[in-house]
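Here the protein sequences line up with chains A and B, keeping their order. Offset between the first sequence (1-based) and our numbering: plus 54. Offset between the second sequence (1-based) and our numbering: plus 54.
No wet-lab data here; the hints were simulated from the structure. Treat the hints with care, as some may be off.
[Unchecked claim] Simulated pairs of lysine to any residue, SDA-like, Cα-Cα distance not exceeding 20 Å: (1) K270(A) to M315(B); (2) K281(A) to D94(B); (3) K191(B) to P418(A); (4) K260(B) to C237(A); (5) K260(A) to M310(B); (6) K249(A) to L316(B); (7) K272(A) to A253(B); (8) K260(B) to Y527(A); (9) K536(A) to E288(B); (10) K270(B) to A253(B); (11) K236(B) to A304(A); (12) K236(A) to E288(B); (13) K260(B) to K281(A); (14) K281(B) to Y527(A).
None of these values were measured; they are calculated from a predicted model.
Number of protein chains: 2
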Amino acid sequence: MSISRRAFLSHVGQAGGYGAAFAAVHALGLMSVPPAAAQDLAFAPAPPGTRVVILGGGIAGLVSAYELGKAGYRCTLLEARDRPGGRNWTLRGGDTVKFTDGSQQKCGFSKGQYFNAGPARLPSIHRNILRYCRDLKIPLEVEINTSRSSLYQNADAFGGRPIEQREVMNDTRGQVSELLGKCLQQGALDQQFDKDDHARMIEFLKAYGDLDGDLKYKGSERAGLKKFPGAGDEVAELREPLALRDLLSAQFWRRMQFEEMLDMQATMMQPVGGMDRIPYELAKHLGAVVRFSSPIKEIRRTARGARVVYTSGGRDRELEADYCVCALPLAILRSIPNDFAPQIQRAITETEYASFYKIAWESPRFWETDANLYGGLSFLWNHPVGLVWYPSAGIASERGVIVAGYGDEREPPFAALPDLAAKLDASRAAIGKLHPGHEHKLEKPVFVCWGRIPYNEGSWVGGSIPAARDGYYQAQYREIIKPDWPFVFAGDHTSHLIGWQEGAVLSAHRATRLIAEAASARRAPRP
Amino acid sequence: MSISRRAFLSHVGQAGGYGAAFAAVHALGLMSVPPAAAQDLAFAPAPPGTRVVILGGGIAGLVSAYELGKAGYRCTLLEARDRPGGRNWTLRGGDTVKFTDGSQQKCGFSKGQYFNAGPARLPSIHRNILRYCRDLKIPLEVEINTSRSSLYQNADAFGGRPIEQREVMNDTRGQVSELLGKCLQQGALDQQFDKDDHARMIEFLKAYGDLDGDLKYKGSERAGLKKFPGAGDEVAELREPLALRDLLSAQFWRRMQFEEMLDMQATMMQPVGGMDRIPYELAKHLGAVVRFSSPIKEIRRTARGARVVYTSGGRDRELEADYCVCALPLAILRSIPNDFAPQIQRAITETEYASFYKIAWESPRFWETDANLYGGLSFLWNHPVGLVWYPSAGIASERGVIVAGYGDEREPPFAALPDLAAKLDASRAAIGKLHPGHEHKLEKPVFVCWGRIPYNEGSWVGGSIPAARDGYYQAQYREIIKPDWPFVFAGDHTSHLIGWQEGAVLSAHRATRLIAEAASARRAPRP
Numbered sequence: 055m056s057i058s059r060r061a062f063l064s065h066v067g068q069a070g071g072y073g074a075a076f077a078a079v080h081a082l083g084l085m086s087v088p089p090a091a092a093q094d095l096a097f098a099p100a101p102p103g104t105r106v107v108i109l110g111g112g113i114a115g116l117v118s119a120y121e122l123g124k125a126g127y128r129c130t131l132l133e134a135r136d137r138p139g140g141r142n143w144t145l146r147g148g149d150t151v152k153f154t155d156g157s158q159q160k161c162g163f164s165k166g167q168y169f170n171a172g173p174a175r176l177p178s179i180h181r182n183i184l185r186y187c188r189d190l191k192i193p194l195e196v197e198i199n200t201s202r203s204s205l206y207q208n209a210d211a212f213g214g215r216p217i218e219q220r221e222v223m224n225d226t227r228g229q230v231s232e233l234l235g236k237c238l239q240q241g242a243l244d245q246q247f248d249k250d251d252h253a254r255m256i257e258f259l260k261a262y263g264d265l266d267g268d269l270k271y272k273g274s275e276r277a278g279l280k281k282f283p284g285a286g287d288e289v290a291e292l293r294e295p296l297a298l299r300d301l302l303s304a305q306f307w308r309r310m311q312f313e314e315m316l317d318m319q320a321t322m323m324q325p326v327g328g329m330d331r332i333p334y335e336l337a338k339h340l341g342a343v344v345r346f347s348s349p350i351k352e353i354r355r356t357a358r359g360a361r362v363v364y365t366s367g368g369r370d371r372e373l374e375a376d377y378c379v380c381a382l383p384l385a386i387l388r389s390i391p392n393d394f395a396p397q398i399q400r401a402i403t404e405t406e407y408a409s410f411y412k413i414a415w416e417s418p419r420f421w422e423t424d425a426n427l428y429g430g431l432s433f434l435w436n437h438p439v440g441l442v443w444y445p446s447a448g449i450a451s452e453r454g455v456i457v458a459g460y461g462d463e464r465e466p467p468f469a470a471l472p473d474l475a476a477k478l479d480a481s482r483a484a485i486g487k488l489h490p491g492h493e494h495k496l497e498k499p500v501f502v503c504w505g506r507i508p509y510n511e512g513s514w515v516g517g518s519i520p521a522a523r524d525g526y527y528q529a530q531y532r533e534i535i536k537p538d539w540p541f542v543f544a545g546d547h548t549s550h551l552i553g554w555q556e557g558a559v560l561s562a563h564r565a566t567r568l569i570a571e572a573a574s575a576r577r578a579p580r581p
Numbered sequence: 055m056s057i058s059r060r061a062f063l064s065h066v067g068q069a070g071g072y073g074a075a076f077a078a079v080h081a082l083g084l085m086s087v088p089p090a091a092a093q094d095l096a097f098a099p100a101p102p103g104t105r106v107v108i109l110g111g112g113i114a115g116l117v118s119a120y121e122l123g124k125a126g127y128r129c130t131l132l133e134a135r136d137r138p139g140g141r142n143w144t145l146r147g148g149d150t151v152k153f154t155d156g157s158q159q160k161c162g163f164s165k166g167q168y169f170n171a172g173p174a175r176l177p178s179i180h181r182n183i184l185r186y187c188r189d190l191k192i193p194l195e196v197e198i199n200t201s202r203s204s205l206y207q208n209a210d211a212f213g214g215r216p217i218e219q220r221e222v223m224n225d226t227r228g229q230v231s232e233l234l235g236k237c238l239q240q241g242a243l244d245q246q247f248d249k250d251d252h253a254r255m256i257e258f259l260k261a262y263g264d265l266d267g268d269l270k271y272k273g274s275e276r277a278g279l280k281k282f283p284g285a286g287d288e289v290a291e292l293r294e295p296l297a298l299r300d301l302l303s304a305q306f307w308r309r310m311q312f313e314e315m316l317d318m319q320a321t322m323m324q325p326v327g328g329m330d331r332i333p334y335e336l337a338k339h340l341g342a343v344v345r346f347s348s349p350i351k352e353i354r355r356t357a358r359g360a361r362v363v364y365t366s367g368g369r370d371r372e373l374e375a376d377y378c379v380c381a382l383p384l385a386i387l388r389s390i391p392n393d394f395a396p397q398i399q400r401a402i403t404e405t406e407y408a409s410f411y412k413i414a415w416e417s418p419r420f421w422e423t424d425a426n427l428y429g430g431l432s433f434l435w436n437h438p439v440g441l442v443w444y445p446s447a448g449i450a451s452e453r454g455v456i457v458a459g460y461g462d463e464r465e466p467p468f469a470a471l472p473d474l475a476a477k478l479d480a481s482r483a484a485i486g487k488l489h490p491g492h493e494h495k496l497e498k499p500v501f502v503c504w505g506r507i508p509y510n511e512g513s514w515v516g517g518s519i520p521a522a523r524d525g526y527y528q529a530q531y532r533e534i535i536k537p538d539w540p541f542v543f544a545g546d547h548t549s550h551l552i553g554w555q556e557g558a559v560l561s562a563h564r565a566t567r568l569i570a571e572a573a574s575a576r577r578a579p580r581p
């Protein structure tokens, strides 16, 4: 950048603040990344000596410390556990799962096997968490979120036979296209379409549904084959299409659009070796800023800022700071004595948390060798465990970790399972329904249920029922996102991306911006 | 296995041959892999001293030598080039591309960058080529064949603006669902549906198309957002849906079902580091069986079997064998003097080959950093280069190899481009249309066109026009798949999977089986 440009930007910054300077940088074309691709991280530099204490070493806390540190703030991050990441937790052989009731499980996985008990997906549109992966040089690989070889199984449909996703998807589309073609031919849409449109629609429907010349769907190679083509005289044989009526009554359509949910669309990614590469690399970058094994006991307001009491090495300690980023789950924050404003305290207390669980097993990869199924998710109906998630790591190797069960443990029918043994039985039975005869190969189970994990006591805000989350956004959220100086709240629950690391990152950027603006304002000479 | 079972199987084998023994093994449940998941490879063992010469070290030749060798045949494989793989060719920095006209290109890629100039995909249903990857311990990773962030661009539609695939897919489905919903409400399908079906269809269409309560499609988060959700008060904003009429006239639907073609469906894979890991590992396993730099000069029939003349070290050499597997492209085979039966010679001469090309460039990954686009394919209309394929290797790293152009060089409008420079310009321009302002970042181009590669002179049998391939199957194929003892033909062109490695593998299994059966019959004492 030339001196004159620097001087110009400096002027703009002094006159109009950092927002204006940032806009000018854009206008001059000095930034290679357009705003659409990454978030503005040009924060005002810290007034010298300004201190920030950050509570919680999940993604929100770590990124807050990272960005505040870059802007020149003197940060300390207090984390209750002896590891960073919060819900970003990767389990490996030798790790222990402890529940709030004191019960424990030891993870017995073989060397190299792992299980992302919390977040396990990085959507390609989550540009901000991905930027940290890039900056911290964390190798990524594809997380296979959909596979046409995955299975849909309903005990009450198709005789309980598991149906390949390719069959569900393409037989449905074929028959929808046929029905619409029939309506077009009957003139049902003549008011809407002129002759050209009509002809184009017919041509489109043939391609869309793989219809024949008479606009009939008579099965398609897209839906898989009864017999694969081979060499010599081995020709392929089509499957008989599944009747639309049967597909609909099987309720398969409830899961068909899973892959089209914006945050679930291909391409999805994961860090090679485990999701916890992200918090560990962030923590490594932060070094002594992070104090592990330091649970918070009190959060107090002082004349100058905040005072936090925490435990470390068996002793109570205190820390004072100008600002405090509270990046703890609200389920934890509400039981820590604090000086928050009454409306904030009420919002924290009233916020409900879901309690999602995952069950993971180590196994030889029968789903690959016997079902040509590499990654992706299978779904079950009328069974307490409704989802099986095949590993994307180490495809085509010997063994892998398969997730058989992912949902809210408080929701029926899973909620009715009396104990861990019953839950594991249901999980194994789900595999038996999808891959009969292979369920006995599952071993070394691990059950992680976030509502029962100390320092979390919940998976995320709201139930899995959308209404519960809507209620949160209409009520408690409006309080939680307001700074209660010197306190600012961060975490995915202060974003519109609840349950996603991207939300935690964006909340951390917002907390950093709010503090930077407040600190600049405090420093500014009064007019 | 118990002694009695062994004894039983041995009896079955003696009495009924290997087929019967194999069936018995299945009946006893002794094989963990059902026939659906992998092909029967229980070939009769070779009569002692039986020799086979294999012509061509592509996948078909290598696998023939591998399986015949396992069955005890004394094999020699003759390969014209100094590398194995044939069309399975991975280019790296320092490699040279030589065309039949004598022109050359030097590949200038940086260390670690590569380009699969031939096959670049392993579909998960291609069980037999995947089995070799597994057996040879070749690490696999996902080949991203579809990404909802990829782009559709037509100079004559939407003002030439590239449209995200997620928008095309979901706005189309939404409006198709709305139209069908309208027809249902108008009673157009009352003859077909009873009241229950009707209600179920309505419920299904709402979910399928993301329709509102009135069965209207008013846009969907699935189609992407005008504004991403953020922290605090940053709420998401939906895009205006694209009109179905505009989507149809843009012809986007011609490519929408690409991802649903059976051999293109997720999950797709690729060997880590390059597709040529497969032939190199096969050749390593075969060791001295493979003679490189040994082009064939004559293929002759003798009283006992076959005699092959080839060149090596500047001298003509001869090899005699009981059987000969001809795994050369027919485009090459027809110019080698041979003793094949006249109808075979005619079939070989008459078979037409397509000439597919790929153009690859090295570049910083602007498609990832600026368009959230990780792998997958973008499509263009009304442009000589209609396809851009983003790399699946090394996602989120600094640089990558992008393929901008993949098609038959003899098809218009690409065929009209006069020279290499014009082809490269068209390729760069395609990137400019999809990613304006980034096209100047492309460097180190490589153009591989299989019709002009020595020892191939074609990409695969038939044009890209399905009719050309159908013609081949109805005529020449019927001759080529017949053994012309001592000659058996192999290669993807002797299978129903033309252009796929799986076809080459299956043809090799078939060639091995035919030889094993013939050799067993020849050995059998006359009754």
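Hint by hint, here is what the structure shows:
no.: 1; hint: K270(A) to M315(B); in the structure: 19 Å, holds
no.: 2; hint: K281(A) to D94(B); in the structure: 15 Å, holds
no.: 3; hint: K191(B) to P418(A); in the structure: 15 Å, holds
no.: 4; hint: K260(B) to C237(A); in the structure: 18 Å, holds
no.: 5; hint: K260(A) to M310(B); in the structure: 12 Å, holds
no.: 6; hint: K249(A) to L316(B); in the structure: 33 Å, violated
no.: 7; hint: K272(A) to A253(B); in the structure: 25 Å, violated
no.: 8; hint: K260(B) to Y527(A); in the structure: 25 Å, violated
no.: 9; hint: K536(A) to E288(B); in the structure: 13 Å, holds
no.: 10; hint: K270(B) to A253(B); in the structure: 16 Å, holds
no.: 11; hint: K236(B) to A304(A); in the structure: 24 Å, violated
no.: 12; hint: K236(A) to E288(B); in the structure: 45 Å, violated
no.: 13; hint: K260(B) to K281(A); in the structure: 35 Å, violated
no.: 14; hint: K281(B) to Y527(A); in the structure: 18 Å, holds
When the structure is compared with the earlier hints, violations turn up for hints 6, 7, 8, 11, 12 and 13 and for no others.
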